[in-house]
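Q: Sequence:
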Amino acid sequence: MENRNLRKERIGIVVSNRMDKSIVVAVNMREKHPKYGKFVHKTSKLYAHDEKNDCNIGDTVKVMETRPLTKSKRWRLVEIIERAK
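Final position of the sequence shown in the working numbering is 85; the numbers increase by one with none missing.
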């Protein structure tokens, strides 16, 4: 049996679910500035595949890297960690 490499996983907040079977997840990161050493907040938006159209805006979700599904989708929904209130 071949061993697969580990897939990247990210936790973020759903910011859009208007597309069919797709969501946009905002992932917040803290990076140290290379010159000044101060921590800077950065946000990246990931397009993820949501097979059951189960997510709503504000949900905290875990997404996993996968093969390219469309032009922009390279992630898929693993689980919904917390529902929006």
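Keep in mind that the hints were calculated from the coordinates and are not lab data.
Every residue, glycine too, gets a C-beta built ideally from N, C-alpha and C.
Treat the hints with caution; some may be incorrect.
Unchecked claim - SDA-like, lysine to any residue: derived pairs with alpha carbons at most 20 Å apart: (1) K45 with M29; (2) K71 with M19; (3) K45 with R76; (4) K45 with K35; (5) K8 with A84; (6) K73 with N3; (7) K62 with E79; (8) K45 with N56; (9) K62 with K38; (10) K21 with T70; (11) K62 with M1; (12) K52 with M29; (13) K73 with P34.
Said to hold, decoys possible - If you anchor each label on the Cβ, the simulated ranges turn out as follows: (14) N5 with K62: 14 to 24 Å; (15) E82 with K8: 12 to 22 Å; (16) K52 with R4: 35 to 45 Å; (17) N28 with T66: 15 to 25 Å.
Q: So which hints don't hold here, by number, going up?
A: Result: hints 4, 5, 6, 9, 11, 12, 13, 16 break, sorted rising.
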